[in-house]
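Position chain U relative to chain X; hints supplied.
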Amino acid sequence: MDIRAHVSMVFHLDKCIGCHTCSIACKNIWTDRKGTEYMWWNNVETKPGTGYPTQWEDQEKYKGGWQRDENGKIHLRLHNRAGGLTNIFYNPALPTMDDYYEPWTYDYENLFNAPEGDDQPTARAVSMITGKPMDSIEAGPNWDDDLGGSPVYASNDVNLDKLTEEEREQLNEIERVVFFYLPRICNHCLNPGCVAACPAGAIYKRGEDGIVLLSQEKCRAWRMCISGCPYKKTYFNWASGKSEKCILCYPRLESGQPPACFHSCVGRIRYLGVLLYDADQIEKRASAPDHELVAAQRDMIMDPFDPAVIAAAKKNKISDAMIASAQNSPVYKFVKKWQIALPLHPDFRTLPMLYYVPPMLPVLAKTKDGNYDVDGLEKEGLPAMLSSLEKARMPIKYMASLFSAGNVPVVEEVYRKLIAVRIFKRAQKVKDYQQAEVDAALAQGKTNAEEVEAIFRLTSLPTYEERFVIPPLGREVAVEAWESPLDRKREAGFGVRNKIAKRKF
Amino acid sequence: MFDNALFIGFPYATVAIAIAVTAYRFFFDPYSVSSQSSQFLENRKLFFGSVPWHYGVITVLLAHITAFLFPGLWGLFTANQTRLYILEIIGLAFALMATVGLIVLFYRRLTDARANAVTSELDWILLFFLLLQVALGFWVAYYYRWGSDWFLHTAAPWLLSLLKFQPDISSVAALPFWVKFHFLNGFVIVLLLPFTRLVHLLVFPLSYLWREHQVVIWNKARH
Chain X
72 MDIRAHVSMV FHLDKCIGCH TCSIACKNIW TDRKGTEYMW WNNVETKPGT
122 GYPTQWEDQE KYKGGWQRDE NGKIHLRLHN RAGGLTNIFY NPALPTMDDY
172 YEPWTYDYEN LFNAPEGDDQ PTARAVSMIT GKPMDSIEAG PNWDDDLGGS
222 PVYASNDVNL DKLTEEEREQ LNEIERVVFF YLPRICNHCL NPGCVAACPA
272 GAIYKRGEDG IVLLSQEKCR AWRMCISGCP YKKTYFNWAS GKSEKCILCY
322 PRLESGQPPA CFHSCVGRIR YLGVLLYDAD QIEKRASAPD HELVAAQRDM
372 IMDPFDPAVI AAAKKNKISD AMIASAQNSP VYKFVKKWQI ALPLHPDFRT
422 LPMLYYVPPM LPVLAKTKDG NYDVDGLEKE GLPAMLSSLE KARMPIKYMA
472 SLFSAGNVPV VEEVYRKLIA VRIFKRAQKV KDYQQAEVDA ALAQGKTNAE
522 EVEAIFRLTS LPTYEERFVI PPLGREVAVE AWESPLDRKR EAGFGVRNKI
572 AKRKF
Chain U
116 MFDNALFIGF PYATVAIAIA VTAYRFFFDP YSVSSQSSQF LENRKLFFGS
166 VPWHYGVITV LLAHITAFLF PGLWGLFTAN QTRLYILEII GLAFALMATV
216 GLIVLFYRRL TDARANAVTS ELDWILLFFL LLQVALGFWV AYYYRWGSDW
266 FLHTAAPWLL SLLKFQPDIS SVAALPFWVK FHFLNGFVIV LLLPFTRLVH
316 LLVFPLSYLW REHQVVIWNK ARH
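These protein sequences, in sequence, are chains X and U.
When the letters of the first sequence are read in order and numbered with the numbering used here, they come out as residues 72 to 576.
When the letters of the second sequence are read in order and numbered with the numbering used here, they come out as residues 116 to 338.
No wet-lab data here; the hints were simulated from the structure.
Keep in mind that this is a model prediction, so the values were computed, not measured.
Be a bit skeptical, because a hint or two may be false.
[Claimed, not checked] Reference excerpt, derived from the structure (chain U facing chain X, CB under 10 Å, subset only):
hint, residue
1, P145
2, Q151
3, R159
4, W168
5, M212
6, E327
7, H328
[To be verified] Pair by pair, the computed Cβ-Cβ distance ranges are:
hint, chain 1, residue 1, chain 2, residue 2, range
8, X, A366, U, Y146, 37 to 47 Å
9, X, A310, U, W265, 20 to 30 Å
10, X, E236, U, Y146, 51 to 61 Å
11, U, I173, X, E240, 21 to 31 Å
12, X, E131, U, T181, 36 to 46 Å
We treat Cβ as the ideally placed atom computed from N, Cα and C, and that holds for glycine.
Chain U extracted, bound-state conformation:
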């Protein structure tokens, strides 16, 4: 029963809240959607924090998503031991990068008076849970080896069952505490997303790749 609440109720609740609040923000309060960059106030430490953090976490996150979306291909890839080793080493390296970057960012906001001045309570909460999440991920990857393989038989089916609205927690119910903690903390971050500056990841400006350089807005149609 408790497991059901944690692995079915909690994910559904967090995702539902995230969708509703995000939609509200986009439609009724678009002004609030911003990455709230503080580079203008502090430049140097940001470089050593933001760059490794973003490139590290985006790579790791994309790996999670790819494995979930293409379990067949992913499984074929990890079936070879050498490839699995290489994949895990690369993954660990990026995770380490992200962790180090996040620690630098944490330190920066703590010690730099200017960066500190634009840091809200929610920013601290978000930073804490992000740090917890990458630390847990790192811990799991290190102590429960070959996650890139067992992910396919544990988390992937569970997430898929949630997505299909036929929740089935059998594949994750027996996992060790730290692994479960990592899963659940992931949904805590989903919950935080619409309430914090993390919402900026949803507005990553991909369209810059193809939009016209110059933007002209006419109040009245011209022709």
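In isolation and in its complexed conformation, chain X is listed as follows:
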């Protein structure tokens, strides 16, 4: 057992209102420089939709992540080692600026300086790359925002490929059109494709907290990370000739603050905390067959209350404060204890450490004889006003394609528990359910009153401190991370101070 700590995340999609405040908070801090205009380390996508860059999930095109061969071994989809070097002069799987958008600004000066004439002066769009006027703008940030159901955008979502023709048609039916939001940042994976694909070895995982960083000094613009990351969360700075990526606001974390996108989240959908995991299992778990991937990833997350785990963690020099932080972690509760948060696209086999609570599917209701009626609820024996999984507006298969590598029962289990929470709390507050109905929902959700209360509490009423359990990465602790204060104490004294051994990597 090689226990390591990992700063991990949960996004509760039910609470996301798609306001893009997170994206703006991030952009204002990190990517408002030349060459980074088009970078959205944090972006919010409309699903179904093509995402950013366009169709990033299509690995036939972009070759991101890992692939499992018939012997159960995993390989980078992009290249083998020799292939990485022979493709270095031209990376065939590299998305280009046209897959994102050409950043532009407007010639505002013209509004003031235009000579007097018969027409109103206009501010033309000007490319931020070439400085030349752009006649037409064909893409931009959130270009398909809120366009669920659009035949031009949403229907190109690769996750829809798994649906039957009938299900797809249902989705596009007038008045049934549906979408939800998917905020995305770097997943800080346990088995990152970007790190493995980088020929220069410039990308690395910080051992102490698992944050994946890209060394600007070692990056040589071989641009393989952009293809290697299946989530397309490394971006190429066209001006500096270096790749850049989300740094999980580590300078903020080190001063005790949550990352900017977490802090600014209006819907308070984001949770941050430490998970303890067993690093010995990375390869094995990443190589699990598709239908076992979610379970495999849950398995390698360790119980921070288990004495054996605590002992192993201490052996690995994980501090007591860090272990305490892991015990408090909201992420541990969502992911492991309650098992209602799922990784995004586990089929990419990078073991992402950002988990999503899938959204309750919006209810499609109409009035029948003046009563509120929802399609087919009686069949499931559930009371009205709640989603029925079978009649869900967004087919469960679609959710399974996003969150469980196509394993439908895993997603269904999550939903049954979420439905149980709703029914339980509604019975409590509105009192329009019979106890038998509540008990049935709890049984279906494989949960109990106590757990439901806890889920409700952390979902709806969490405090700042409950949402963000920031591990002890503070400066005063961080110094301890690379210089043992005990060494100084022991070796420094009067006279010539002993040299402290150079830090080892």
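Leaving out everything else, chain U in the frame of chain X:
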């Protein structure tokens, strides 16, 4: 005297500057060392330029180096006329590939607005001298045949003498102008190397062949 300056002074000066500036960049400004790829901005023309250019020029350059390092074996190989013909034809083919690729790259940076936006003056200077060098090489190979053979008795001894710090230019002093021009322009490129993006050839990531896939950096030694 003039020849001494060109064939002794100039090579030593350029190599010394190249080493010093490269070392400076690696130690004090590693951030600046990059291939500055522009594939992200322009993809299509790059394919038809970059691939033939790199494979062409690397092959030709490796041939130059091999002949210099193993003159005996190389001489044995070129002693047979058929083998010499084949070698020269292959060499010319790769040189042609490199030249065509470089012309495409030149054209790309000239005409593509996005690629043009990330092209500096130094890039143009480098492109010019590279193009000049492959053109000269091609010219020499075509008009002064069997260079793969006479190289061993002209350039090789001269370069070796420079390397041994016993400079002797007798083997190159009498060569035709175009051949000398090719030699000297080679050292111009050595001079440009540390000042331009060409420095990326020194950081070709061979270690990717054996390094661990995953890189983890610990601030503190763990055990």
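Now for the hints, and whether the structure bears them out:
no., hint, result
1, P145, "holds (4 Å)"
2, Q151, "holds (4 Å)"
3, R159, "holds (9 Å)"
4, W168, "holds (8 Å)"
5, M212, "violated (12 Å)"
6, E327, "holds (9 Å)"
7, H328, "holds (4 Å)"
8, A366(X) / Y146(U): 37 to 47 Å, "holds (43 Å)"
9, A310(X) / W265(U): 20 to 30 Å, "violated (47 Å)"
10, E236(X) / Y146(U): 51 to 61 Å, "holds (53 Å)"
11, I173(U) / E240(X): 21 to 31 Å, "violated (54 Å)"
12, E131(X) / T181(U): 36 to 46 Å, "holds (41 Å)"
In this structure, the earlier hints numbered 5, 9 and 11 are contradicted, and the remaining ones agree with it.
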